[in-house]
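K.L.:
Those protein sequences? They're chains S and W, same order as listed. Its first residue numbered 0, the first sequence is counted upward by one per residue in numbering that gives the first Met the number 0. Its first residue numbered 0, the second sequence is counted upward by one per residue in numbering that gives the first Met the number 0.
Hint data in this document are derived by calculation from the structure and do not stem from the laboratory. All residues carry an ideal CB built from backbone N, CA and C; glycine is no exception. One thing to keep in mind: the hints can contain errors.
Said to hold, decoys possible - Chain W regions said to be covered by chain S (calculated; three or more residues, Cβ under 8 Å):
(1) 20-28
(2) 56-63
(3) 69-75
(4) 259-273
Claimed, not checked - Derived lysine-lysine pairs resembling PhoX-like cross-links, with alpha carbons at most 20 Å apart:
(5) S:64 x S:89
(6) W:80 x S:245
(7) W:80 x S:248
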Amino acid sequence: MIQSKEEGLLLSVENLGERLFSLKIYFPPISKKALPGNFCHLRVDKSYSPLLRRAFSIHRVEKEKNSFELLFKVVGPGTKILSEKKAGEKIDLLAPLGNSFSLPGKGENAVLVAGGMGIAPLFYLVNSLLEKEVAPQKISLFFGVKKKDEYLLINEIVSTGIRLHLATEDGSSGYKGMITDLFFQELKARRLKTNRTKFFSCGPNPMLKKISEISRKFNLDCQISLENHMPCGIGACMGCVVRTVKGYKRVCKDGPVFDAREVIID
Amino acid sequence: MIPDLSVKIGRVKFSNPVLVASGTFGYGEEYETFFDLNRLGGVITKTITLNPREGNPPPRTCETPSGMLNSIGLANVGVKKFITEKLPFLRGLKTKVIVNVAGSSIEEYVEVVKRLEGKKGIDLLEINISCPNVKQGGITFGSDPKCAYDCIKAVRDNTSFPIIAKLSPNVADIVKIALAVEEAGADAISLINTLIGMAIDLEARKPGLANITGGLSGPAIKPVALAMVWKTAQKVKIPVIGLGGIMNTQDALEFILAGASMIQVGTGNFVDPECSVKIVEGLKGYCQEKKLKRILDLKGKLKTN
Numbered sequence: 000m001i002q003s004k005e006e007g008l009l010l011s012v013e014n015l016g017e018r019l020f021s022l023k024i025y026f027p028p029i030s031k032k033a034l035p036g037n038f039c040h041l042r043v044d045k046s047y048s049p050l051l052r053r054a055f056s057i058h059r060v061e062k063e064k065n066s067f068e069l070l071f072k073v074v075g076p077g078t079k080i081l082s083e084k085k086a087g088e089k090i091d092l093l094a095p096l097g098n099s100f101s102l103p104g105k106g107e108n109a110v111l112v113a114g115g116m117g118i119a120p121l122f123y124l125v126n127s128l129l130e131k132e133v134a135p136q137k138i139s140l141f142f143g144v145k146k147k148d149e150y151l152l153i154n155e156i157v158s159t160g161i162r163l164h165l166a167t168e169d170g171s172s173g174y175k176g177m178i179t180d181l182f183f184q185e186l187k188a189r190r191l192k193t194n195r196t197k198f199f200s201c202g203p204n205p206m207l208k209k210i211s212e213i214s215r216k217f218n219l220d221c222q223i224s225l226e227n228h229m230p231c232g233i234g235a236c237m238g239c240v241v242r243t244v245k246g247y248k249r250v251c252k253d254g255p256v257f258d259a260r261e262v263i264i265d
Numbered sequence: 000m001i002p003d004l005s006v007k008i009g010r011v012k013f014s015n016p017v018l019v020a021s022g023t024f025g026y027g028e029e030y031e032t033f034f035d036l037n038r039l040g041g042v043i044t045k046t047i048t049l050n051p052r053e054g055n056p057p058p059r060t061c062e063t064p065s066g067m068l069n070s071i072g073l074a075n076v077g078v079k080k081f082i083t084e085k086l087p088f089l090r091g092l093k094t095k096v097i098v099n100v101a102g103s104s105i106e107e108y109v110e111v112v113k114r115l116e117g118k119k120g121i122d123l124l125e126i127n128i129s130c131p132n133v134k135q136g137g138i139t140f141g142s143d144p145k146c147a148y149d150c151i152k153a154v155r156d157n158t159s160f161p162i163i164a165k166l167s168p169n170v171a172d173i174v175k176i177a178l179a180v181e182e183a184g185a186d187a188i189s190l191i192n193t194l195i196g197m198a199i200d201l202e203a204r205k206p207g208l209a210n211i212t213g214g215l216s217g218p219a220i221k222p223v224a225l226a227m228v229w230k231t232a233q234k235v236k237i238p239v240i241g242l243g244g245i246m247n248t249q250d251a252l253e254f255i256l257a258g259a260s261m262i263q264v265g266t267g268n269f270v271d272p273e274c275s276v277k278i279v280e281g282l283k284g285y286c287q288e289k290k291l292k293r294i295l296d297l298k299g300k301l302k303t304n
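With the rest of the complex left out, here is chain S (with noise of 0.2 Å):
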C-alpha cells in the first residue's frame, strides 16, 4: 500500500444527532486506492495539543467526485475540533492506511454485525458488495445501537434491500438487547448459514470480544475491524498492537482488520 501525505479539502461538515458527526473530503488519493477496511489518519489541526493523529474508517466513497466520508463521535478534545471545522478548510490526511476486508467469493453469502459507529466501515463494504453485483438478499446486517435515534443511515441501509435484524439496548426499535446476543440466537437456531459465508464485525471492544468468541465458538469466517490509538498509522512505532493467537500484531498495518478467530481482546 502506497501512503499519500496531501491535504485534503472539507467539503462539509455533518450534524447526524447528538455528538455524531460526518465529514465529507475532496482527497483524490483516497477514490482512487480505498478499499473497504481502510482508514485515514488526520491532524485535527496544527497545534500541538491534541498532538497525535486520529484514525477513521472510511465510510463512503464517492469515486467520480474524488471524495469520501468518514463518521465520528464527539467524545474528546480531537473529535470536539474535527466537530468545528468549517467546509473549505484543508485537512492533514494520511490515507487509506491498513489492509481491507477480504470480500466474499461468487455466490457465498455476507453477514455483518455493526455496533453503533460500527456502521462506519460496514456501510462502506455493504456498498462495495452491491456494486460488485451482489444480491442484496445475500448480504445480512445486524446492526445494534443504545437507543432508537443513534440509528445512522437507517433510511440508506433499508433502501438497499438488504436482510437487516435490528436491536436496541433499551428496546425503543428492534429486538432489545445486545446486538452479538440477537446474532447468537440466530446462529444457534440455525436460521443463519454459516458455511459459504463470510462473516464481519465491527463495534465497540466488549462487542468485538463476543464476535470473536462466537467465532471460535461456530468457526465462522469472521472478520474483524478493530481500532486503537495510533501513533503513527504506518507500522512503524508499535504502539497500536492487538493481543493474537500468533503474537501481538499492529492494528494499523497488520490490522485493523483481523480474523475473530484469532484476536485475544481483554
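Since the structure of chain S is already known, use the hints to place chain W on it.
P.N.:
Showing chain W alone in chain S's frame:
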C-alpha cells in the same frame, strides 16, 4: 550560496545534522513512501536486542498534554532477523545508518555489537543505556556513572563502529553520566531519551498504560531536553546530539544554539511523517537567510550574558 550543513561524528561525515530517533522510524522502510530517506543526515533503527522481543502488553501508548507516553518494551525482531531481513533495505540507502542497541546485561550488549561488527550498511551504533520501559533493562546502565562507563567501555572494546551513547534524563546529574561515557570512549552522546511519566483514566480508575508508567515524549519535554543539552554540551568535548520534542526547524535551531551538533526527530515523525525532511530544508533556508556558511557556526552560540 549553498550552506554547509555537514557534521562529523568520529570518522563519519553526515550530509546534514538531522536524524530520526530510534523507535519512531521503524527500520526505515516504513517511511520510504513519504520521502527520499537519503535527504536525511541519517536514520536510526528501532532498538535491536539479542533475542526478538514481543514487547509490553497493550495499551502501550497514551496521549498527554502536548505529548505522549509510551511503553513499547523494545519490541524488535532481534539481531539475527535484523541482519537478514531489515539490514538489506538499509544497506541500499546512501544516508548514514545508525543501529540502536540495547541489552539487559553488559554481556548482551557486547554480544549484539559483536554480531553487528563489520556488517555492510551500518555506519554507527547508538547504545541505548536509557530505556525506561524494560525491567532490569537499559535504564540501570544509564542511571549510574560507573555502570554507564562499564557498559560503553565494553561496547567500545568490541566494535570498530563509532558509537553514540544515548542518555536517560531520569537521573540526578546527567553531566556525570555524559563525562563517564566520554571517558569510556563514546564518539558522541545523544540526549534525552523519554522522561518517566504516568497518566490516569479517572473514569475507569486505571492507568493509561498497561505498564502503569512509561516514557514521556513530544513538545512537553522540550524545555527539559534543552536544559540538559545545554548543561552537558558545556562539559563534554565529544559532539552532543539533541532530542526531545523537536517538531520543527525552530526547535532544531534552539538545540543547536544550546550546543547540539546534531538533532533527532522522534515523536514529530508521528505527527508529520515528513517532519524530519522539512527540518533539513528549514535549516538550509535559515542559514541562507542569516548568511551562515556553516550550520555549525551556530552551535553553542547562545548569548547568556
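K.L.:
Residue count check for the segment 20-28 of chain W against chain S: does it reach three with CB-CB under 8 Å?
P.N.:
holds (count 4)
K.L.:
With a Cβ-Cβ cutoff of 8 Å, does the segment 259-273 of chain W contain at least three residues near chain S?
P.N.:
Coverage by chain S holds for the segment 259-273 of chain W (7 residues, Cβ < 8 Å).
K.L.:
Given the hinted pair residue 80 of chain W and residue 248 of chain S, is their Cα-Cα distance within 20 Å?
P.N.:
Holds, at about 17 Å.
K.L.:
Okay, the segment 69-75 of chain W and chain S, do three or more residues pass the C-beta test at under 8 Å?
P.N.:
holds (count 3)
K.L.:
Keeping to a limit of 20 Å between CA atoms, is the pair of residue 80 of chain W and residue 245 of chain S held or broken?
P.N.:
18 Å, holds
K.L.:
Within 20 Å, alpha carbon to alpha carbon, are residue 64 of chain S and residue 89 of chain S?
P.N.:
Holds - the C-alpha atoms of residue 89 of chain S and residue 64 of chain S are around 17 Å apart, at most 20 Å.
K.L.:
Are 3 or more residues of the segment 56-63 of chain W near chain S, judged by a Cβ distance of less than 8 Å?
P.N.:
Holds: 7 residues of the segment 56-63 of chain W have a Cβ under 8 Å from chain S.
Checked against the numbered hints given earlier, the structure satisfies every one of them.
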